[in-house]
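Participant: Okay, here's what each chain looks like letter by letter:
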Amino acid sequence: MSAELTQTSPTDLDSKSFGEQAQPLSLPDDLRDWLVDQALARSADQRWSSAGERFKQIQADALQTLKATPFPTRKTESWRYTSVQPLIAAVNAAASSADANADPASEECLQPEALQALIDQADLVVRFSDTGEAMLKLGEAQAAHLLSFTLHQASGESTKAPNGEADLLGEFGSRVPQGYYPFVSVNAALLSTCLEIRVAAASDDSESVKPRILLLNGSQDAGQGSLSDRQHSRVLLKLARDAHAELTEVRLDAGSAAVFATSVLEASLEANSRLQHYQFSAAAASDSLYAAAFIKLGNHANYAFNGQSTGSALSRTDLTVELTAPGAYAALNAHMLLNGNNRCDYHTALEHMAPHCESDEQVRSIVSDKGKAVFNGRIHIHRDAQKTRAEMNNRNLLMSPQAEVNTKPELEIYADDVKCAHGATIGQLDASAVFYCKSRGIDEQSARSLLSEAFIVETIQLMPAQAQQDLAMALLQRFQETV
Amino acid sequence: MLSVNDLYVQVEGKEILKGLTLQVKPGEVHAIMGPNGSGKSTLSHVLAGRSGYEVTGGSVSYQGKDLLELAAEERAREGIFLAFQYPVEIPGVSNLQFLRTSLNSIRKHRGEAELDAASFLRQARQLIGKVDLDPEFLKRGVNEGFSGGEKKRNEIFQMLMLEPKLALLDETDSGLDIDALQVVATGVNTLKREDRSVILVTHYQRLLKYIVPDYVHVLANGRIVKSGGKDLALELEEKGYGWLNIDDEATATI
Numbered sequence: 126m127s128a129e130l131t132q133t134s135p136t137d138l139d140s141k142s143f144g145e146q147a148q149p150l151s152l153p154d155d156l157r158d159w160l161v162d163q164a165l166a167r168s169a170d171q172r173w174s175s176a177g178e179r180f181k182q183i184q185a186d187a188l189q190t191l192k193a194t195p196f197p198t199r200k201t202e203s204w205r206y207t208s209v210q211p212l213i214a215a216v217n218a219a220a221s222s223a224d225a226n227a228d229p230a231s232e233e234c235l236q237p238e239a240l241q242a243l244i245d246q247a248d249l250v251v252r253f254s255d256t257g258e259a260m261l262k263l264g265e266a267q268a269a270h271l272l273s274f275t276l277h278q279a280s281g282e283s284t285k286a287p288n289g290e291a292d293l294l295g296e297f298g299s300r301v302p303q304g305y306y307p308f309v310s311v312n313a314a315l316l317s318t319c320l321e322i323r324v325a326a327a328s329d330d331s332e333s334v335k336p337r338i339l340l341l342n343g344s345q346d347a348g349q350g351s352l353s354d355r356q357h358s359r360v361l362l363k364l365a366r367d368a369h370a371e372l373t374e375v376r377l378d379a380g381s382a383a384v385f386a387t388s389v390l391e392a393s394l395e396a397n398s399r400l401q402h403y404q405f406s407a408a409a410a411s412d413s414l415y416a417a418a419f420i421k422l423g424n425h426a427n428y429a430f431n432g433q434s435t436g437s438a439l440s441r442t443d444l445t446v447e448l449t450a451p452g453a454y455a456a457l458n459a460h461m462l463l464n465g466n467n468r469c470d471y472h473t474a475l476e477h478m479a480p481h482c483e484s485d486e487q488v489r490s491i492v493s494d495k496g497k498a499v500f501n502g503r504i505h506i507h508r509d510a511q512k513t514r515a516e517m518n519n520r521n522l523l524m525s526p527q528a529e530v531n532t533k534p535e536l537e538i539y540a541d542d543v544k545c546a547h548g549a550t551i552g553q554l555d556a557s558a559v560f561y562c563k564s565r566g567i568d569e570q571s572a573r574s575l576l577s578e579a580f581i582v583e584t585i586q587l588m589p590a591q592a593q594q595d596l597a598m599a600l601l602q603r604f605q606e607t608v
Numbered sequence: 065m066l067s068v069n070d071l072y073v074q075v076e077g078k079e080i081l082k083g084l085t086l087q088v089k090p091g092e093v094h095a096i097m098g099p100n101g102s103g104k105s106t107l108s109h110v111l112a113g114r115s116g117y118e119v120t121g122g123s124v125s126y127q128g129k130d131l132l133e134l135a136a137e138e139r140a141r142e143g144i145f146l147a148f149q150y151p152v153e154i155p156g157v158s159n160l161q162f163l164r165t166s167l168n169s170i171r172k173h174r175g176e177a178e179l180d181a182a183s184f185l186r187q188a189r190q191l192i193g194k195v196d197l198d199p200e201f202l203k204r205g206v207n208e209g210f211s212g213g214e215k216k217r218n219e220i221f222q223m224l225m226l227e228p229k230l231a232l233l234d235e236t237d238s239g240l241d242i243d244a245l246q247v248v249a250t251g252v253n254t255l256k257r258e259d260r261s262v263i264l265v266t267h268y269q270r271l272l273k274y275i276v277p278d279y280v281h282v283l284a285n286g287r288i289v290k291s292g293g294k295d296l297a298l299e300l301e302e303k304g305y306g307w308l309n310i311d312d313e314a315t316a317t318i
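Listed in order, the protein sequences are those of chains A and B.
Each residue of the first sequence is one higher than the one before, counting from 126 in our numbering.
Each residue of the second sequence is one higher than the one before, counting from 65 in our numbering.
Just chain A, with the same shape it has in the complex (with noise of 0.2 Å):
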């Protein structure tokens, strides 16, 4: 696809991929374009020491698709409030980074303790770096022996776990549903790291035996002025019948390297079994994320999703979750804390498919100072999920003038008996319940932060995990310290 490239060492090919870029972007499409040049400039040293074909060509087929794809604009409706702007500037400022004015030492990232906490207890643990390359850790305890894997990387070698691996690759690409997602064919065009991870149920069906599993993205710092942007990573997860899995991902940034980085999770929970999925994004102001999660319910099976995210300039979730045999529950909660000029973005579809499914979504935000959310919740009964119950709700917590808030519950239903509900609602601190705590000698700056803390608090409380609730209290605490 790209022979003429090959004599090319890879530092040559950063340079040039940058010094060939005579214009900075400036329409969505440029950005769709450099992205192809990168793409093709990278799949010269990519070396995926196994399975090596299998990407070449999973890589190959995304950039054909993404050459057709055009990109958002705000004429887009799915992305009509969210836009790439912040990323294209990412991009030109590091082209230009040889006269960017270096700033002062960049923040040391804080890693809280709850933090270690999970890493303590995680049972693997896969950290992605701004190289590209991951390191894996895994744990000794009873639960780490339920797990097949294996982790491939572009950069290097792959790692096998002891009992085998997971074999899921000819799955890539299948649990995306129909539609428009022109990040998750840039996520395979650039992919730095695939893991495929099969769990196993525990024989005696205990919780005790639910395997962690651990993702942490985090930029330390790739140098002033430029784009740490080699982290694009796809998560491919099964779950066997009866099995049970807590998969949390960890994004912490620290530096003044803009960040633009990528994560898709295609899972598919087979019958009866159990996925607790949290997805924190503590992330740096110039960093452009978008994730994905696509995810196939089976006959009982149970999904829960508690998203946290401070946001940052481009800042995109999309989450499909598709209960496809009755009995299924899908629970999705997610909260946003945003502040300066943050953006945060979760886009939801709940698709019903079967009858007897259950579902429950709550999404609240907390908008300080310039900050902007975008909920866009779904919910899609199709024409035989009947005895569905369906309920979605969506509060908005404005704390300043200039906050800014677009949320958008859209239900489509063809099935006729079938139980739905969905809010919407944004409003601002209870002037009252201010009064009520400076009546008791609380000041004002404390009471907003107190009352607004409360807001987000009961949507922690419905985290399963103690561990992760603690990590969520720390990261909504370094939150209530900047605003």
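Since the hints were derived computationally from the structure, they do not count as laboratory data.
Note that the structure is a prediction, hence the values are computed from the model and not measured.
Cβ coordinates follow ideal geometry from the N, Cα and C atoms, glycine included.
Please note: incorrect hints may appear among the correct ones.
Here are some, though not all, of the chain A residues that point toward chain B, as calculated from beta-carbon distances under 7 Å [as the list claims (entries may be wrong)]:
hint	residue
1	I183
2	D494
3	K495
4	F560
5	A579
Starting from the known structure of chain A, fit chain B onto it as the hints suggest.
Facilitator: Relative to the frame of chain A, chain B by itself:
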């Protein structure tokens, strides 16, 4: 303690208090009675520092300070406590967390060290018993899902925890059954000390069976039209407000 002189207050452009004068000395209990719409709640809110109440004339001095210059939270830290007629629900903030934040900001103002968690909890558990509330209420959200009576008891519990110098009870007795009324009265009587004062704003005389006031004032049409001892309350109970020649505008709403 408190000296209100010729106070004029407007709410949304409408004059509610029209030259109110009131002197409260340390250790005294004053009852302020009057028909609906006479300005009783306005008086307690303006003393607590709620926004939206515009003082257009007169002055209020509290412990030698110009009270009207102080923000609501500063008044609370200086020892003023308002027991709300309609206490606010704050889901997600536990009673314990709320009170601890409150008590510590008051202690900090007084130059005292923050109370450690254990002593605070001990004190809270002891005092919540005085208002006949289960200690489980400490863990619940502030007033969240409390009944009317439980909310009022919770106000009295907060008052006992914060030990104010001047307690304003805004119709704390309204809507209470006899048991709850006695709890409120016991709370106030527990608080009473020679350096602490209480202002009871009430529509009815019945609370005054349990808390004996030193003075009773009748507020009508924005002013105090009659003051007396505890017997005045009984006289009001018997004769109503009509005999005081309160003008029609005020009495019409009784």
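Participant: Taking the numbered hints from earlier one at a time, note which ones the structure violates and give those numbers from smallest to largest.
Facilitator: Of the numbered hints given earlier, those the structure breaks are 1, 2 and 3, listed in rising order.
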